[in-house]
Each structure stands twice: as C-alpha cells, then as structure tokens.
Amino acid sequence: MTKAKIKYFFAYAFLIIVSFISIFPLLWMLISATNTSLDVIRGKMSFGTAIVDNFKQLIQTTQIGQALINSFRNAASLTIISLIVCSLAGYAFEIYHDKWKDGVMKLLLLSMMVPFAATMIPLFTWFGKMNLINTTAGFMLPSISTAFLIFLFRQSSRNFPYEIVEAARIEGMSEIRIFTRIFVPIMKPTYAAAITVTFMNAWNSYLWPLVILQDKKSQTMPILISNLISGYTINYGVLMLAVSISTLPTIIIFFLLQKNFAEGITGAVK
Amino acid sequence: MKKRLTMGKRRKLVSWLFILPATLLIAGMSFYPMIKAFLLSFTKGFGKTSEFVGTYNYQRLFQDSLFKTSLGNTFIYLILQVPLMLLLALILASLLNNPKIKCKGLFRTMIFLPCATSLVSYSIIFRSMFALDGFANSVLMNLNMISRPINWLGEIWPARIIIVLAITWRWTGYNMIFYLSGLQNIDPQVYEAARIDGASVSQQFRKITIPLLRPIILLTAIMSTNGTLQLFDETKNLTNGGPANMTISISQYIYKLSFEYSPQFGYAATISFIVFLLVAVLSFLQMKVGDKRD
Chain B
519 MTKAKIKYFF AYAFLIIVSF ISIFPLLWML ISATNTSLDV IRGKMSFGTA
569 IVDNFKQLIQ TTQIGQALIN SFRNAASLTI ISLIVCSLAG YAFEIYHDKW
619 KDGVMKLLLL SMMVPFAATM IPLFTWFGKM NLINTTAGFM LPSISTAFLI
669 FLFRQSSRNF PYEIVEAARI EGMSEIRIFT RIFVPIMKPT YAAAITVTFM
719 NAWNSYLWPL VILQDKKSQT MPILISNLIS GYTINYGVLM LAVSISTLPT
769 IIIFFLLQKN FAEGITGAVK
Chain L
22 MKKRLTMGKR RKLVSWLFIL PATLLIAGMS FYPMIKAFLL SFTKGFGKTS
72 EFVGTYNYQR LFQDSLFKTS LGNTFIYLIL QVPLMLLLAL ILASLLNNPK
122 IKCKGLFRTM IFLPCATSLV SYSIIFRSMF ALDGFANSVL MNLNMISRPI
172 NWLGEIWPAR IIIVLAITWR WTGYNMIFYL SGLQNIDPQV YEAARIDGAS
222 VSQQFRKITI PLLRPIILLT AIMSTNGTLQ LFDETKNLTN GGPANMTISI
272 SQYIYKLSFE YSPQFGYAAT ISFIVFLLVA VLSFLQMKVG DKRD
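Residue numbers (this note's numbering), protein chains in the order written: chain B, 519 to 788; chain L, 22 to 315.
Keep in mind the hints are simulated off the structure, nothing from the lab.
Among the hints, erroneous ones may be present.
Below, computed lysine to aspartate or glutamate pairings styled on DMTMM-like, alpha-carbon distance capped at 25 angstroms [claimed, not checked]:
1) B:LYS525 x L:GLU213
2) L:LYS33 x B:GLU693
3) L:LYS33 x B:ASP616
4) L:LYS123 x L:GLU176
5) B:LYS777 x L:ASP208
6) B:LYS562 x L:GLU281
7) L:LYS33 x B:ASP571
8) L:LYS30 x B:ASP733
9) B:LYS735 x L:GLU281
10) B:LYS706 x B:GLU693
11) B:LYS574 x L:ASP208
12) L:LYS30 x B:ASP557
13) B:LYS734 x L:GLU281
14) B:LYS617 x B:GLU689
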C-alpha cells in the first residue's frame, strides 16, 4: 500500500468507528425495547418478541398517553407562538433598523448569558402567585421569546430584498400585510429551520417542566421516563420502550428535516 | 377628530409594535427574574417571613462543602469534556470536508444523529448501559475480560468519566455541524496550494483549519462552556449526583436547595448568581483569548 492509501485507510477507520459509536446507543435502545428485562441484562443484541408485553406493562403502570398528549400540545403551542413573536421582531429589527433598535437588539442578546438556574426560582414563585403552575401557559412563557430566534430571523431578513417592501408600500399594502403575505412565504426555509430547533427544544425540555408541571396529569415525556428510573428494580425492556417512544418523534423530524435542523442551529452565525 | 399620522411616523410606530412582544417577554422572563434573584440572594426564608440578611448567604458559600464539590465537579466536566469534544468535532469536520472522502453524507448523518435525542433520553440510555447489571458489564463478563461487574456509576471517577463521555457523545456532532458550515467558506484551493507546497495533513490542520475557523471555535467554546456550567439533566438522570453527591453539578445543587430539601430560595439564588458571574467571566475571557490577532 502506498502512503496515501494508508492515510485514507485510517481516515475511514476513524470515521466508521465514530459513526458506529454514535448510532450504537440508539440501536441498543430500540433492540432493548423489544426484549424482556432479563434479556437486556444478559446483553442480548438481537431484536426480540417482548415488545407487546412491554407495551402493555407501560400502559398499565404509567400515564404515557396523557404524557404524549401533553408533550405534543406544549411543544406545538410553544413553537407556533414563539415563531410568530420572534419572526415578527427579527423582521422588524432588520427592515426598520435604526440606532435605537440596534441598541435594543444588543441588549436582548445579553439575555443569552443569563443562566436558567438563576431565573428559575423567581419565575417559579411569581408563576405560583399567578396560578400558572401545571398550565401550558406556565410552561411556555419563559421560552416564547428567545434572543437566538430573533437573531436568526434578523440575520435571514438581511437577504430579503428591501425593494419588495417599497414596491408593496406603493401598491398600498399595510406593513403587517407585507410581513404576512410577502415575507413569511419567501422565508419558508428559515421558518422550517426555526420550527425544527424550537420544537425539538420544547419537546426535550426537562428542568423547567420538572419545576412548573408538578401534577401527574400535566407531566411530559421527559419527566415520565425520568420517573421510571426512580424505583428499586428497573424493567429495562419497558424503560427502553418508553425512551424509544419519547425519542422517535424527534428522530423522525431529524431525518425529514436534517438540513433545516443544521441550518437552524448554525443559521444565526452567518 | 384624531390627527392623522404621517406615513413615516405611522411606520415607526408599527415597527416598535412588532418588536414589543418579543422585547417585553425577554425583559420579563429573563432580565427581571435575574434582578429578582440577585435581590433574593440577600434574604432568608420566603414570602411573608423573608428577612434581609446582608451578605450572609455569600459567606455561607465558603463553608459549604457541597457547594465546593458541585463547583469542582462542574470544572472537572468543563476541563475534561469541552476540549476533548471540540477537538474531536474539528477532526471529524475536517475529514468530512476532504473532497476525496466518500459517503460523507452518511457519516455526517450518523455522527449528527445523537443530537436528535433528548438530554433525559440519552442520560437514561447511558445509565442503563453502565448499570451494575447493565449492558457494558454483561458484555465484558461474557468476553471474560472482567470477573466481577464494575460499579461504573457507583464509584466517583468512573461515574465522572461516564458523564464526560456521555456529554461528548451527545454534542460532538452538534459542534461538527458548526465547523462544517465554517469550512464551506474556506476556498478548497487554499488546501490544494498547501498540499503542493508539501504541507502535511496535521500542518494543514494547524496552520489553515484552526486559524480560519477561530471565530467559530470561539463561539462553540463559549456555547459549550455555558452549557456545562448549567449542566442539569445529565447528572440528575445518569447518577442523580451520586455516589454521595460526588458527581453533582451546580444547577442540580440549586435545584435540590429549592425543591428537594426544605426550600432555601435565598441561598439557592446566591449560588445561581455565582453561575451567572462564571458564565459572564468565562465568556469574556474566551473572547479576549480567542479574538487575539497574531
């Protein structure tokens, strides 16, 4: 073998090993979901037939249906409201920019430095007084407006031709109609990116739901699966089935919208 | 009759109305509670029984061994995990940017895939794999590599290492995506010219890739540092801070002080303010170091 060939051999070997390690835990999760707890403990690495039994036990011992509904409702509502609020602001920060708005934007970016652990306690006592504990509104309020999303929409508005806005004004279109009828349809890729990132974050969020959604009836999927490991004996088959069910929606979104997801997380950088 | 606004003034008003909801929400949900937390850090008790105690909570930090442990742990995770992950992500990104490597899309998808799992999910998967009766032990026992199961999550350093490896597993692909998008802006001819001049792969990596990606490396370093300082889901679900609180993170300690022990909101707010200071100071330091020109 030539020197160059050896080099590429190592490059491929490295990539294959890292790729394998990246997918292995997820593969193990899926395999374990179909096996009995005993088989999982024994290290069985092939798909089994216990998935129906695991599923029955999961339904009997947990309120997984309710948790799925809660997770979907919370994540979908947050995504819709968040996108409306943040895209409108991001658009305005760019299209109508002046030195005051640039100043406000800089101030908002500072909020990225504020750790959630610091705001969590005052928010919890405040929301308690306003009867927002165990409500979707209580879950949503802290994360509707994020500097990240506003910034993402402001950056992508830079590519939005200003001539269109001026032409529409001459046609007599109102400012809000220019936004809803022209900007939103043109910016579909940015919206797709923002939706994937926001939905995934909302679906996966854990600390705030743990604080604000204390009632069993309002618990979400991450809290449900986290509760499954608190017992003394853990049924690994049932546990991994629950983890699979919780992970499947985001994995599907990932495969369908991988490009948008990648643009969503890196988009604000450009 | 109302005076009609001129077009310009009307537009100005509308533009501020567009910005208002987002701005008010960030002010109310981020800045206001941050100030509240700062004020809370000078008090004890809560509600009507709350009293001003001056800097008592800040003095208490110095005697609190659990606070010191949580701070130390967070720095262990930071120092071991962030450089390891960023270096790995950089190497992977530069390999996947090489025009001669095939199946790039497949490799990228697989390495990026862990990002689709929630922090709770992957923590539980790793916890189950490294449990005393878990997958790792049974495989090693079946292969006769160990005679007795290893208590991965029950010993201090193995537990910390598993936490570091788990976080690296989840976030390497995420950072790789940032580097890949940065590498796309580098002209391939730069590498071509370097090759012709006889630069080795590692020279190209050190002299071209790293300097040109510096702004993005800085960004990912700040994001990862920020994330590690706020680590919660992983330590809560992987080890629950154990054994004997030796893997607890700062955020988990704040959570315990607020919601698991009898509530001590004032003291918890004090620690949360320390986290805020750490985030601010470390981001500032990294910007100072990262922005330096040669």
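Hint check:
The straight-line distance between the Cα atoms of LYS525 of chain B and GLU213 of chain L is roughly 17 angstroms, inside the 25 angstroms bound, and the hint therefore holds. Between the alpha carbons of LYS33 of chain L and GLU693 of chain B the distance comes to roughly 10 angstroms, so the proposed pair stays at or under 25 angstroms and holds. At roughly 10 angstroms between alpha-carbon atoms, LYS33 of chain L and ASP616 of chain B fall within 25 angstroms of each other, so this suggested pair holds. For a cut-off of 25 angstroms, the pair hint linking LYS123 of chain L to GLU176 of chain L is broken: about 42 angstroms separates their Cα positions.
A hinted pair counts as satisfied when its Cα atoms are at most 25 angstroms apart, and LYS777 of chain B with ASP208 of chain L qualifies at roughly 22 angstroms. Distance restraint check for LYS562 of chain B and GLU281 of chain L: the Cα-Cα separation of roughly 37 angstroms exceeds the 25 angstroms cut-off, and the hinted pair is therefore not satisfied. Our distance criterion of 25 angstroms between C-alpha atoms is broken by LYS33 of chain L and ASP571 of chain B, whose separation comes to about 63 angstroms. Note on LYS30 of chain L and ASP733 of chain B: the hinted pairing is violated, with a Cα-Cα distance of about 49 angstroms set against a maximum of 25 angstroms.
Under the criterion of a C-alpha separation no larger than 25 angstroms, the hint pairing LYS735 of chain B with GLU281 of chain L is consistent with the structure, at around 21 angstroms. Proximity of LYS706 of chain B to GLU693 of chain B is assessed by CA-CA distance (about 19 angstroms); at most 25 angstroms being required, the pair is judged to hold. Taking the CA atoms of LYS574 of chain B and ASP208 of chain L, the gap is near 56 angstroms; set against the 25 angstroms cutoff, the hint is violated. As the CA atoms of LYS30 of chain L and ASP557 of chain B are separated by approximately 72 angstroms, the hinted pair breaks the 25 angstroms bound.
Of the pairs offered as hints, the one joining LYS734 of chain B and GLU281 of chain L holds, with about 17 angstroms between alpha carbons and a cut-off of 25 angstroms not exceeded. Between LYS617 of chain B and GLU689 of chain B the CA atoms are separated by roughly 28 angstroms; this puts the pair beyond 25 angstroms, and the hint is violated.
When held up to the earlier numbered hints, the structure conflicts with 4, 6, 7, 8, 11, 12, 14 and fits the remainder.
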